[in-house]
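In case you want the letters, here they are:
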Amino acid sequence: MDWDQFDLNPKTIAALKKADIKSVKEILNLSGADLQRLMKLSSADIQCLLRTVSHTLRRNSMLTALQLYQDKDHFTSQHQKLSLGCSVLDNLLKGGIPLVGITELAGESSAGKTQIGLQLCLCVQYPYKYGGLESGAVYICTEDVFPSKRLQQLIEQQQKLRADVPAEIIQRIRFGNSIFVEQAADLDTFQQCISRRLSLLLARGMVRLVVIDSMAALFRCEFGAAQAALRARYLQGFGAQLHSLSTRFRTPIVCINQVWWLFASCSMGVGSRVTPALGITWSNQLLMRLMLSRAPLPGPAPGTASPCAGSMRTLSVVFAPHLPPSFCYYTVQLEGVKGIK
Amino acid sequence: MQREVGTLPLAPALRARLAAAGFQTAQELLDTGPCGLSKEIGISREEALEALQVVRQECHGDAARTPGGPGATRKCTALELLEEEQTQGFIITFCSALDNILGGGVQLTKITEICGAPGVGKTQLCMQLAVDVQIPECFGGVAGEAVFIDTEGSFMVDRVVDIAAACVQHCHLIAEAQQEEDHQKALETFTLENILSHIYYFRCRDYTELLAQVYLLPEFLAEHSKVRLVVIDGIAFPFRHDFEDLSLRTRLLNGLAQQLIILANDHRAAVVLTNQMTTRIGQSQSTLVPALGESWGHAATVRLIFHWDNTQRLATLYKSPSQKESTIAYHITCQGFRDVQPAAVTHSPQGAELNPRKRPRTEEEKQ
Numbered sequence: 001m002d003w004d005q006f007d008l009n010p011k012t013i014a015a016l017k018k019a020d021i022k023s024v025k026e027i028l029n030l031s032g033a034d035l036q037r038l039m040k041l042s043s044a045d046i047q048c049l050l051r052t053v054s055h056t057l058r059r060n061s062m063l064t065a066l067q068l069y070q071d072k073d074h075f076t077s078q079h080q081k082l083s084l085g086c087s088v089l090d091n092l093l094k095g096g097i098p099l100v101g102i103t104e105l106a107g108e109s110s111a112g113k114t115q116i117g118l119q120l121c122l123c124v125q126y127p128y129k130y131g132g133l134e135s136g137a138v139y140i141c142t143e144d145v146f147p148s149k150r151l152q153q154l155i156e157q158q159q160k161l162r163a164d165v166p167a168e169i170i171q172r173i174r175f176g177n178s179i180f181v182e183q184a185a186d187l188d189t190f191q192q193c194i195s196r197r198l199s200l201l202l203a204r205g206m207v208r209l210v211v212i213d214s215m216a217a218l219f220r221c222e223f224g225a226a227q228a229a230l231r232a233r234y235l236q237g238f239g240a241q242l243h244s245l246s247t248r249f250r251t252p253i254v255c256i257n258q259v260w261w262l263f264a265s266c267s268m269g270v271g272s273r274v275t276p277a278l279g280i281t282w283s284n285q286l287l288m289r290l291m292l293s294r295a296p297l298p299g300p301a302p303g304t305a306s307p308c309a310g311s312m313r314t315l316s317v318v319f320a321p322h323l324p325p326s327f328c329y330y331t332v333q334l335e336g337v338k339g340i341k
Numbered sequence: 001m002q003r004e005v006g007t008l009p010l011a012p013a014l015r016a017r018l019a020a021a022g023f024q025t026a027q028e029l030l031d032t033g034p035c036g037l038s039k040e041i042g043i044s045r046e047e048a049l050e051a052l053q054v055v056r057q058e059c060h061g062d063a064a065r066t067p068g069g070p071g072a073t074r075k076c077t078a079l080e081l082l083e084e085e086q087t088q089g090f091i092i093t094f095c096s097a098l099d100n101i102l103g104g105g106v107q108l109t110k111i112t113e114i115c116g117a118p119g120v121g122k123t124q125l126c127m128q129l130a131v132d133v134q135i136p137e138c139f140g141g142v143a144g145e146a147v148f149i150d151t152e153g154s155f156m157v158d159r160v161v162d163i164a165a166a167c168v169q170h171c172h173l174i175a176e177a178q179q180e181e182d183h184q185k186a187l188e189t190f191t192l193e194n195i196l197s198h199i200y201y202f203r204c205r206d207y208t209e210l211l212a213q214v215y216l217l218p219e220f221l222a223e224h225s226k227v228r229l230v231v232i233d234g235i236a237f238p239f240r241h242d243f244e245d246l247s248l249r250t251r252l253l254n255g256l257a258q259q260l261i262i263l264a265n266d267h268r269a270a271v272v273l274t275n276q277m278t279t280r281i282g283q284s285q286s287t288l289v290p291a292l293g294e295s296w297g298h299a300a301t302v303r304l305i306f307h308w309d310n311t312q313r314l315a316t317l318y319k320s321p322s323q324k325e326s327t328i329a330y331h332i333t334c335q336g337f338r339d340v341q342p343a344a345v346t347h348s349p350q351g352a353e354l355n356p357r358k359r360p361r362t363e364e365e366k367q
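The listed protein sequences derive, respectively, from chains A and B.
So for the first sequence, full-length UniProt numbering puts the first residue at 1; every next one is plus one.
So for the second sequence, full-length UniProt numbering puts the first residue at 1; every next one is plus one.
Hints may contain errors.
Derived lysine to aspartate or glutamate pairs resembling EDC-like cross-links, with alpha carbons at most 20 Å apart [claimed, not checked]: (1) A/K11 x B/E84; (2) A/K94 x B/D158; (3) A/K18 x B/E47; (4) A/K40 x B/E47; (5) A/K94 x A/D71; (6) A/K40 x B/E50; (7) A/K25 x B/D206; (8) A/K22 x A/D34; (9) A/K25 x A/D7; (10) B/K226 x B/E188; (11) B/K226 x B/E244; (12) B/K110 x B/E84; (13) A/K11 x B/E47; (14) A/K72 x B/D158; (15) A/K81 x B/D158; (16) A/K94 x A/D164; (17) A/K40 x A/E26; (18) A/K72 x B/E193; (19) A/K94 x B/D162; (20) A/K40 x B/E46; (21) A/K129 x A/D73; (22) A/K11 x A/D34; (23) A/K22 x B/D206; (24) A/K129 x A/D186; (25) A/K72 x B/D162; (26) B/K39 x B/E50; (27) A/K25 x B/E50; (28) A/K341 x A/D90; (29) A/K129 x A/D34; (30) A/K22 x B/D242; (31) A/K72 x A/E134; (32) A/K25 x B/D242; (33) A/K11 x B/E50; (34) A/K81 x B/D162; (35) A/K25 x B/D245; (36) A/K160 x A/E335.
Simulated from the structure, these hints should not be mistaken for lab results.
Using the sequences plus the hints, can you model the full thing?
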């Protein structure tokens, strides 16, 4: 760290060099008294040092809420969201997936999580005007093989799904070229993937969506009940890294998660309900949680057309800072996932 | 002038040398002069000059300082403190049940901590408070501004717009019902744009940025003297990973807490922090407890725990120096943080066995 470039007293700079302090982080990690002892300066000098160093770190970092609200720039605006490709689903989410933060898609198997993940990988490639981010996607598989046949089907049917987009624009996009598939079946490979390869792709601006399918699979075999603390540390580490990448590159991170059955005894006997896997440690890392479920229909409700007789698929918002708990019905068709009004 | 050398703001090594050389009061230092001083202790003349300048400034400052100024010890009676506290404003939350158990609302000059599982409403309350702190005095508010420090990226400005619009409308309804002149005047400046422009937003991406931001807050609050609320949402997120050495974390958190307390007192602002919950594995069962450890529990003056009971959201006042431990139900609507309709019933503390170490306070028998 080149201390000479800071606006400090030469005496302070000399003391910093002599005490072998190499970074701003080291200075802030020490208390005022420790710094006094280490650098042999008075408390007024130390206060001045702390203020100068903090100023340099936090220069120009203030925004008012009004500025945030009025920001219309594609890259920085909070109003910009990643569309899901269907207007009904977008309305549920008030525009789509937020650009900064980890969004979770939880649900039982065959609820449609991978379908939505693939659909997002295609949606992100559309122009800003049509709810995309004009960039590619990374799909990290931790369990199954990447469903490339299904992806091909979806690509062929894009015109049918996105009737709002003119045909020339869809034809111009080379969907398959911008989806990067990574396999990471264990924790170390996953760690490598997000710390090296992901930051490389994001730094080059080639991708603006990360889909992880799925988080729970990484932790299934390797951790028993006794290693909850170790698992928690891994989860917190991954969560922090993904969060930091998402913030730096304004890229949505969509994590697909499985569900656990919770057997709880309450006053009415033993009941069970489905809850997303990985517990509260993982929930604390999330910005938004969506739950996909399949509930068997009691019988056709009068007046509603039910395309899939027997079970209704529901996409519900479990929590989000900007959305009320709400839900909508959806179907999975050849061209993709579509909401039902 | 009779100030002891040990209390002067000089470098510790220099103080040690002065003590070893036999200097005891500031007056002796000033009498010796720079040449004599440098010869006696063995420091350069420049250093001696500097030291004497500091001493002179200190003594001058001591003489000029009026009692009650910043930094000097203030003497006052408990009666004066009581009167001061009673005139202290509260920031209302728009949920009257919650305001009641807090004794009027979120108190200025105190640190309030809100703990809860994800999705229970902590950020919603923070956004509500950032709007409510700006309510004009004639409507019962403190007419202040808000600083919002976001570490998780959960501040969605569209939601704040909804909350602010509902608050403005609420004030309009009051003004229409009561038809007073100062209400109309206050409403001219209490608009959506004004509210948004007085929420100062800082985004901190890791704990170093958070620490740096808190070092800069006193200066910021001195420049923006109308700020009456500082929100840090959330305090746990940057501190729960990346720490091999937990004692460093405890030390940093303690330092942070001290700085926030001084800030709250000096600038008459309320500090609101949000915390996560973590699982504590006990003998036979596991419970949810606030994160960041036991020692962090001492940092906040008032602690609220938000939790679920099936689908009903509940708020429990877990720690307060003056209010009873109680639980109420609340609602989050599109307009923000609100009461449950009809008005919420206060549950007695016997049911909520959240703090087994505290004796539940019982109602006094009234004649």
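Do the hints match the structure? See the list:
1. A/K11 x B/E84: violated (44 Å)
2. A/K94 x B/D158: Holds: A/K94 and B/D158 sit about 10 Å apart, inside 20 Å.
3. A/K18 x B/E47: holds (18 Å)
4. A/K40 x B/E47: Within the cut-off at roughly 13 Å; holds.
5. A/K94 x A/D71: Roughly 17 Å separates the two Cα atoms, so the pair holds.
6. A/K40 x B/E50: Satisfied, since the Cα-Cα distance of roughly 14 Å is no more than 20 Å.
7. A/K25 x B/D206: holds (11 Å)
8. A/K22 x A/D34: holds (16 Å)
9. A/K25 x A/D7: holds (17 Å)
10. B/K226 x B/E188: holds (18 Å)
11. B/K226 x B/E244: Cα-Cα ~40 Å, so violated.
12. B/K110 x B/E84: Answer holds: B/K110 to B/E84 is near 14 Å, not above 20 Å.
13. A/K11 x B/E47: holds (11 Å)
14. A/K72 x B/D158: Given that 20 Å is the threshold and the Cα spacing comes to 13 Å, the pair holds.
15. A/K81 x B/D158: Judged against 20 Å, a Cα distance of about 12 Å means the pair holds.
16. A/K94 x A/D164: Judged against 20 Å, a Cα distance of about 18 Å means the pair holds.
17. A/K40 x A/E26: Within the cut-off at roughly 16 Å; holds.
18. A/K72 x B/E193: holds (16 Å)
19. A/K94 x B/D162: holds (13 Å)
20. A/K40 x B/E46: holds (16 Å)
21. A/K129 x A/D73: With Cα atoms ~13 Å apart, A/K129 and A/D73 stay inside 20 Å; holds.
22. A/K11 x A/D34: Distance ~18 Å between A/K11 and A/D34 Cα, so the pair holds.
23. A/K22 x B/D206: holds (18 Å)
24. A/K129 x A/D186: Violated, at roughly 38 Å.
25. A/K72 x B/D162: holds (19 Å)
26. B/K39 x B/E50: holds (15 Å)
27. A/K25 x B/E50: violated (30 Å)
28. A/K341 x A/D90: Holds - the C-alpha atoms of A/D90 and A/K341 are around 12 Å apart, at most 20 Å.
29. A/K129 x A/D34: violated (55 Å)
30. A/K22 x B/D242: holds (19 Å)
31. A/K72 x A/E134: The hint holds at about 17 Å.
32. A/K25 x B/D242: holds (13 Å)
33. A/K11 x B/E50: Holds: A/K11 and B/E50 sit about 12 Å apart, inside 20 Å.
34. A/K81 x B/D162: holds (18 Å)
35. A/K25 x B/D245: Holds - the C-alpha atoms of B/D245 and A/K25 are around 15 Å apart, at most 20 Å.
36. A/K160 x A/E335: holds (7 Å)
The structure fails hints 1, 11, 24, 27 and 29 (numbered hints given earlier, in ascending order).
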